[in-house]
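Construct the entire structure; sequences and hints are all you get.
2 protein chains.
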Amino acid sequence: MKKNVGIVGLIFPSPVLVIGTYDINGKPNVLTVAWGGVASSDPASISIAVRPSRYSHEALLRTKAFTVNLPTVQYAAEVDYFGIVSGRKANKFATTGLTPVRGEHVDAPYIAEFPYVMECEVTHTIDLNAHTLFIGEVKGVKVDDVLLDIDGNISWEDARLLTFDALARNYRAPGEHIAQAYQVGKKFISR
Amino acid sequence: MKKNVGIVGLIFPSPVLVIGTYDINGKPNVLTVAWGGVASSDPASISIAVRPSRYSHEALLRTKAFTVNLPTVQYAAEVDYFGIVSGRKANKFATTGLTPVRGEHVDAPYIAEFPYVMECEVTHTIDLNAHTLFIGEVKGVKVDDVLLDIDGNISWEDARLLTFDALARNYRAPGEHIAQAYQVGKKFISR
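Top to bottom, those sequences are chains E and R.
Residues in the first sequence are numbered from 1 upward in steps of one, following my numbering.
Residues in the second sequence are numbered from 1001 upward in steps of one, following my numbering.
These aren't lab readings, by the way, just hints derived from the structure by calculation.
Quick reminder that beta carbons are idealized off the backbone N, C-alpha and C, glycines included.
Any given hint might turn out to be false.
[What the hints assert, rightly or not] With a cut-off of at most 25 Å between alpha-carbon atoms, the simulated DSS-like pairs for lysine-lysine come out as follows:
#, chain 1, residue 1, chain 2, residue 2
1, E, Lys-187, R, Lys-1089
2, E, Lys-187, R, Lys-1027
3, R, Lys-1002, E, Lys-139
4, R, Lys-1003, E, Lys-139
5, R, Lys-1027, R, Lys-1089
6, R, Lys-1064, R, Lys-1027
7, R, Lys-1186, E, Lys-27
8, R, Lys-1186, E, Lys-89
9, E, Lys-2, R, Lys-1064
10, R, Lys-1027, E, Lys-186
11, E, Lys-2, R, Lys-1002
12, E, Lys-27, R, Lys-1139
13, E, Lys-89, R, Lys-1187
14, E, Lys-2, R, Lys-1139
15, R, Lys-1003, R, Lys-1027
16, R, Lys-1089, E, Lys-186
17, E, Lys-27, E, Lys-89
18, E, Lys-139, E, Lys-27
19, E, Lys-64, E, Lys-27
20, E, Lys-64, E, Lys-89
21, R, Lys-1139, R, Lys-1027
22, R, Lys-1139, E, Lys-3
23, R, Lys-1002, E, Lys-64
24, E, Lys-139, E, Lys-64
25, R, Lys-1002, E, Lys-27
26, R, Lys-1064, R, Lys-1139
[Stated by the list, open to error] Facing chain E, according to a computed beta carbon distance under 10 Å, are these residues of chain R, among others:
#, residue
27, Pro-1015
28, Gly-1026
29, Glu-1137
30, Ser-1155
31, Ala-1159
32, Ala-1168
[To be verified] From the structure, some residues in chain E lie toward chain R, with a derived Cβ separation under 8 Å:
#, residue
33, Leu-70
34, Val-85
35, Gly-87
36, Lys-142
37, Val-146
38, Leu-167
39, Arg-169
Set out below in structure tokens:
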């Protein structure tokens, strides 16, 4: 039996998307965002939702560029700090000791230490009141060797990328394998 | 040292969003979608990306309504089946034995057996070529008792909701706790 609850507009799991931008003075800044997802496969596009009050919002509108940096579990504290402090007041790279690198394809910095980085160009900006939804087309992807298998294919299965529970407000590791996609459901076909 | 790879526009983790709609004959249908996320907090809004070729695409345009049903790990096979078969040819509820229930707030069915259900009304439709991004405002949320703690608050921490790795193409369980959000990052403040 289901119970009606308040308007809890949440999804589990949330990704942990660390968004890199340049501020108006060219200072690299990062913001952690849990509201976002893949928006299209072709052109490969990522959506991120950012409150207008956030310092990165101005940068996104002005540069029309951002990076998406996926962290591993050992960076949980840095990632959390990126979300609770404003780049107006803090130099988040200096404080954490992480390294900004100028993007190759877009006017935004990425984090050298994070293993998976997408460079995105803003193609759509949608005002959704509390948040603005920015859709960015992926212009380039860089990964660390640790994510490449011996054939050069990306594999993040063993990389322990960080995940987020927005309801419990905690970070989690990837969990154990449950089933192979595009396979386990075949048992229902031709029933 | 980072290596450039192809345009791999993916995020880890992906959610497993089972989307309920009514087809033109009023038949309840479900589609599993991994491209999506929270789009705004107020009004609470969810984005889902659906290929124009999918049967649900027509229903989303016509009814401007959908449900988002979050599965637990024991429904991995059903969820997978919902993604690999078209509702044009199959009655996915009948095949799997799951129970469609008419939504209370929108013109879309939800899955009785799934513990967390959001009813959404489409507010924005954005053509992104390979996928259409539908943004739905959350009009009501229903949860099973199993997600309610003794104070009536929602908690899905122990519910083993299903997660997805779009690169490895497998389903995973939630992983172990790493850190408390809005807390662990405070160690960098006033450094």
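Verification of the supplied hints:
no. : hint                     : result
1   : E:Lys-187 to R:Lys-1089  : holds (16 Å)
2   : E:Lys-187 to R:Lys-1027  : holds (23 Å)
3   : R:Lys-1002 to E:Lys-139  : holds (16 Å)
4   : R:Lys-1003 to E:Lys-139  : holds (14 Å)
5   : R:Lys-1027 to R:Lys-1089 : holds (12 Å)
6   : R:Lys-1064 to R:Lys-1027 : holds (16 Å)
7   : R:Lys-1186 to E:Lys-27   : holds (22 Å)
8   : R:Lys-1186 to E:Lys-89   : holds (15 Å)
9   : E:Lys-2 to R:Lys-1064    : holds (24 Å)
10  : R:Lys-1027 to E:Lys-186  : holds (22 Å)
11  : E:Lys-2 to R:Lys-1002    : violated (48 Å)
12  : E:Lys-27 to R:Lys-1139   : violated (41 Å)
13  : E:Lys-89 to R:Lys-1187   : holds (16 Å)
14  : E:Lys-2 to R:Lys-1139    : holds (16 Å)
15  : R:Lys-1003 to R:Lys-1027 : violated (48 Å)
16  : R:Lys-1089 to E:Lys-186  : holds (15 Å)
17  : E:Lys-27 to E:Lys-89     : holds (12 Å)
18  : E:Lys-139 to E:Lys-27    : holds (22 Å)
19  : E:Lys-64 to E:Lys-27     : holds (16 Å)
20  : E:Lys-64 to E:Lys-89     : holds (22 Å)
21  : R:Lys-1139 to R:Lys-1027 : holds (22 Å)
22  : R:Lys-1139 to E:Lys-3    : holds (14 Å)
23  : R:Lys-1002 to E:Lys-64   : holds (24 Å)
24  : E:Lys-139 to E:Lys-64    : holds (12 Å)
25  : R:Lys-1002 to E:Lys-27   : holds (22 Å)
26  : R:Lys-1064 to R:Lys-1139 : holds (12 Å)
27  : Pro-1015                 : holds (5 Å)
28  : Gly-1026                 : violated (22 Å)
29  : Glu-1137                 : holds (8 Å)
30  : Ser-1155                 : holds (7 Å)
31  : Ala-1159                 : holds (8 Å)
32  : Ala-1168                 : holds (5 Å)
33  : Leu-70                   : holds (6 Å)
34  : Val-85                   : holds (6 Å)
35  : Gly-87                   : violated (13 Å)
36  : Lys-142                  : holds (4 Å)
37  : Val-146                  : violated (11 Å)
38  : Leu-167                  : holds (6 Å)
39  : Arg-169                  : holds (4 Å)
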